[in-house]
Amino acid sequence: MRSISMETVEAKRQEILATLKDPTATHEQKVTYLARHAENFMTVLDEPEGLDELMRCDPEDRCICNLFEGDAPYRPRYICPDYETFMKQGSAFLQLDPPKDLWEALNSLQILYHNVPSITNYPVYIGDLDLLLEPFVKDVDDETAKKALRLFLTSVDRTILDSFCHANVGPTMTRAGLLLMQVEAELENAVPNLTMRVSKETPDEFVLAGIECALHSAKPSFANDRMFRSELGDDYCIASCYNGLHKGGGSYTLCRLLLGGIAKRSKNIQDFKENQLPYVMDVMARYMDERVRFVVEESGFFESNFLALEGLIHRDRFSAMFGLVGMAECVNDLLEKEGIEGRFGHSEAADKLAVEIMEQINDFCNAHPAPYCEGTDGHYLLHAQVGLDSDQHSSPGTRIPIGEEPEELIDHLKNINLFHKYFPSGTGDIFPVDLTVHKNPKFVLDIVRGAFEQEIRYLSFYRNDSDVIRVTGYLVKRSEMEKLAAGHNVLQNTTGLGLGASRNCHILDRRVR
Amino acid sequence: MQALVNKIIPFSSVDGPGNRTAIFLQGCNFNCAYCHNPETINTCVNCGQCVSVCPVGALRMQDGQVTYDYDKCVFCDACFKHCPNSSSPRVRRMTAAQVMEQVRKNMPFIRGITVSGGECTMQRDFLVELLGLAKAEGLSTLLDSNGSYDFSKDPQLMEVTDGVMLDVKAWTSQDHEQVTGVDNAVVRANLEFLAKAGKLEELRTVVSPGLFDAERAVREASAIAARYQDLHPMRYKIICYRPMGVRQAEKERLQQPTEEYLAQLAQLARQQGIRDVVVT
Chain A
1 MRSISMETVE
11 AKRQEILATL
21 KDPTATHEQK
31 VTYLARHAEN
41 FMTVLDEPEG
51 LDELMRCDPE
61 DRCICNLFEG
71 DAPYRPRYIC
81 PDYETFMKQG
91 SAFLQLDPPK
101 DLWEALNSLQ
111 ILYHNVPSIT
121 NYPVYIGDLD
131 LLLEPFVKDV
141 DDETAKKALR
151 LFLTSVDRTI
161 LDSFCHANVG
171 PTMTRAGLLL
181 MQVEAELENA
191 VPNLTMRVSK
201 ETPDEFVLAG
211 IECALHSAKP
221 SFANDRMFRS
231 ELGDDYCIAS
241 CYNGLHKGGG
251 SYTLCRLLLG
261 GIAKRSKNIQ
271 DFKENQLPYV
281 MDVMARYMDE
291 RVRFVVEESG
301 FFESNFLALE
311 GLIHRDRFSA
321 MFGLVGMAEC
331 VNDLLEKEGI
341 EGRFGHSEAA
351 DKLAVEIMEQ
361 INDFCNAHPA
371 PYCEGTDGHY
381 LLHAQVGLDS
391 DQHSSPGTRI
401 PIGEEPEELI
411 DHLKNINLFH
421 KYFPSGTGDI
431 FPVDLTVHKN
441 PKFVLDIVRG
451 AFEQEIRYLS
461 FYRNDSDVIR
471 VTGYLVKRSE
481 MEKLAAGHNV
491 LQNTTGLGLG
501 ASRNCHILDR
511 RVR
Chain B
1001 MQALVNKIIP
1011 FSSVDGPGNR
1021 TAIFLQGCNF
1031 NCAYCHNPET
1041 INTCVNCGQC
1051 VSVCPVGALR
1061 MQDGQVTYDY
1071 DKCVFCDACF
1081 KHCPNSSSPR
1091 VRRMTAAQVM
1101 EQVRKNMPFI
1111 RGITVSGGEC
1121 TMQRDFLVEL
1131 LGLAKAEGLS
1141 TLLDSNGSYD
1151 FSKDPQLMEV
1161 TDGVMLDVKA
1171 WTSQDHEQVT
1181 GVDNAVVRAN
1191 LEFLAKAGKL
1201 EELRTVVSPG
1211 LFDAERAVRE
1221 ASAIAARYQD
1231 LHPMRYKIIC
1241 YRPMGVRQAE
1251 KERLQQPTEE
1261 YLAQLAQLAR
1271 QQGIRDVVVT
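Line by line, the protein sequences are chains A and B.
Counting in our numbering, the first sequence tops out at residue 513, every number present.
Counting in our numbering, the second sequence tops out at residue 1280, every number present.
Chain A with its partners taken away, still in its complex shape (with noise of 0.2 Å):
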């Protein structure tokens, strides 16, 4: 461990003091922001050279940032448990006999949840939540089964303190995933986060459901179930904000590359693409293995907790996400340097480079041997990250930015088409939706269907004027950010996260369709 200096340590201890009074933090964020300043006391990872430059700098020449993820990895970034094996065996850890009704299966479930790590503390992902009930919900008549579920949502919503938890539905219709859709519609909650997996075979009903449910409270998404499939095999769920990950595996780190700096530190498209992308790419595909050798190698994760010793995770299930933000402003400034007119969703030339920047970055992560990720063919997975709320003049993964968008929906759908399909471990878009559509939910149907039958992956609606809104892939309510904004404590974390986005990324500007 490298020794760090006095000046360092004082830093560190205003920012620890700053946390302890901060007046709107609940206690529970206070621990949970405490944990991460004394992580950042570590000096474990033997970084490649070159990262402090790329990476701890000024916000405006950053090209690699690690989310906060911390200096050093105890546990993998997202766990996703095999739910269906805990549902069979339950847990002599937790000291579960293997649920025999609905009561005790959305008991044992609750009690699981406080027991799965990830980087926010939360489980990032809860199950296929109809597939995993639908045994027990066949004994009870249906307003029974939403009081019993009415409850257990309701619990998740006020415990799980962060809207990167996940649920899973479909693609199979089932009733107890209808009685869900039903519930969640009813409840208008931001937790947790939901997705509906859906194929060819999904009926209309249930899609439709999903859409009722979407215009009320923002959720389900709509992922599409063969690319997912095709990419990651039958195991694979939808962990935090969208990312496909597998069952019983999970992402041990997520860093993501900072396109708009790389593209300010670029002479010219030439220079972007010969030197400074491949540089960095370099670094961070480094300081990723890195971090994972951390957790495999050193932390001891795998070898004691009892998610990996009872077989309801599995270390070569694991992969890590390489993520990447700031494409717009990335191919809207080196087109800039060029001379070239057009803007990115909006020019052939502008979409053009950017599948070419694509391209390359998804060789570049083909090519590059990632260790432990045996699940992913020893590689890392891209991922579109979704931003932070400290991001500034850049945009979501792949996304076009806010206040851009074209004003036709076709047109935006056909610039999305383009991108998706290089994000097996997520990306998605966003869509506010006018009311008038309520009377019209066949509307977004259609745009599901289509778009599940090209290569768009993932797709997010709500309504324009609903209190729970998706940020950025996460959920929050309006009425929360208003609460936090007046200076009082509020419930999840992620309601401050929602508030620095509307403030700096205008989320609360986008199109509404």
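Please note: incorrect hints may appear among the correct ones.
Heads up, simulated DSS-like pairs for lysine-lysine below, C-alpha to C-alpha not over 25 Å straight-line [what the hints assert, rightly or not]:
| id | chain 1 | residue 1 | chain 2 | residue 2 |
| --- | --- | --- | --- | --- |
| 1 | A | 200 | A | 414 |
| 2 | A | 414 | A | 352 |
| 3 | A | 442 | B | 1251 |
| 4 | B | 1196 | B | 1237 |
| 5 | B | 1135 | A | 442 |
| 6 | A | 138 | A | 88 |
| 7 | A | 100 | A | 30 |
| 8 | B | 1251 | B | 1007 |
| 9 | B | 1072 | A | 200 |
| 10 | B | 1105 | A | 352 |
| 11 | A | 414 | B | 1007 |
| 12 | B | 1237 | A | 442 |
| 13 | A | 414 | B | 1072 |
| 14 | A | 352 | A | 273 |
| 15 | A | 442 | B | 1007 |
| 16 | B | 1081 | B | 1007 |
| 17 | A | 100 | A | 146 |
| 18 | B | 1081 | B | 1251 |
| 19 | A | 200 | B | 1007 |
| 20 | A | 414 | B | 1135 |
| 21 | B | 1081 | A | 414 |
| 22 | A | 439 | B | 1237 |
| 23 | B | 1007 | B | 1072 |
| 24 | B | 1081 | A | 439 |
| 25 | A | 421 | B | 1072 |
| 26 | A | 200 | A | 421 |
Hint data in this document are derived by calculation from the structure and do not stem from the laboratory.
Dock chain B against the given chain A, drawing on the hints supplied.
Okay, now just chain B, sitting in the frame of chain A:
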């Protein structure tokens, strides 16, 4: 076969079920007081008054004709807002194949097309051709019509039309003349003919209190349509009059209904047996 096309909306959520490309043809044989797109009523007479109000020079007078530059246009609508003739210089003359080319760009995101207007049946031959092309590519075809065209006499058109969204602007002839300037015997006959043929997709009544007896219109139309509901599911759309786009003189005279009144009308339709009633 060419038609005058006022505009094409690639994705529409309000012109029939699902997502549809809506094509608005130019020219109408009614003159409804509350018309919200009066620029679709008449054909341009090349008076040139719009040329001087265009802020970006997208309109020019050439050999006695107004020409329009789509690429320059900023869609501020100044041209037709100043048109003394209820027309628009932005109307394009297009063949059915050209329109279909535009429609195709929106596939596979749309389930069909809706041809509206103006009054689309005034360009009947074009309509038959366009709907035939759309059906050949698996799209459903709807018409948005004021009901002035006798559908029962045109099996060829009915063959390529999956459904008609019919305006019931009033019930009695007198009321109908108040609203539109013309009689509605054909509209009433069409209502029954289309319902019986399983081609009545939607009934629509725009409500502005004092203009006509809306209760009677909704009650009578619902009673007839409800009988044939099982042949083809239909929706009754009760539409609140809104002044947006309406001509100034009419705007000053027309009134908006209350929400309660619209809800009452919806209830009336339901009482007659219509299952799917929507207020918008």
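Okay, the hints, checked on the actual structure:
no.: 1; hint: A:200 / A:414; verdict: 21 Å, holds
no.: 2; hint: A:414 / A:352; verdict: 13 Å, holds
no.: 3; hint: A:442 / B:1251; verdict: 34 Å, violated
no.: 4; hint: B:1196 / B:1237; verdict: 19 Å, holds
no.: 5; hint: B:1135 / A:442; verdict: 20 Å, holds
no.: 6; hint: A:138 / A:88; verdict: 17 Å, holds
no.: 7; hint: A:100 / A:30; verdict: 38 Å, violated
no.: 8; hint: B:1251 / B:1007; verdict: 24 Å, holds
no.: 9; hint: B:1072 / A:200; verdict: 42 Å, violated
no.: 10; hint: B:1105 / A:352; verdict: 19 Å, holds
no.: 11; hint: A:414 / B:1007; verdict: 21 Å, holds
no.: 12; hint: B:1237 / A:442; verdict: 16 Å, holds
no.: 13; hint: A:414 / B:1072; verdict: 23 Å, holds
no.: 14; hint: A:352 / A:273; verdict: 14 Å, holds
no.: 15; hint: A:442 / B:1007; verdict: 23 Å, holds
no.: 16; hint: B:1081 / B:1007; verdict: 16 Å, holds
no.: 17; hint: A:100 / A:146; verdict: 18 Å, holds
no.: 18; hint: B:1081 / B:1251; verdict: 14 Å, holds
no.: 19; hint: A:200 / B:1007; verdict: 33 Å, violated
no.: 20; hint: A:414 / B:1135; verdict: 24 Å, holds
no.: 21; hint: B:1081 / A:414; verdict: 33 Å, violated
no.: 22; hint: A:439 / B:1237; verdict: 10 Å, holds
no.: 23; hint: B:1007 / B:1072; verdict: 16 Å, holds
no.: 24; hint: B:1081 / A:439; verdict: 30 Å, violated
no.: 25; hint: A:421 / B:1072; verdict: 35 Å, violated
no.: 26; hint: A:200 / A:421; verdict: 18 Å, holds
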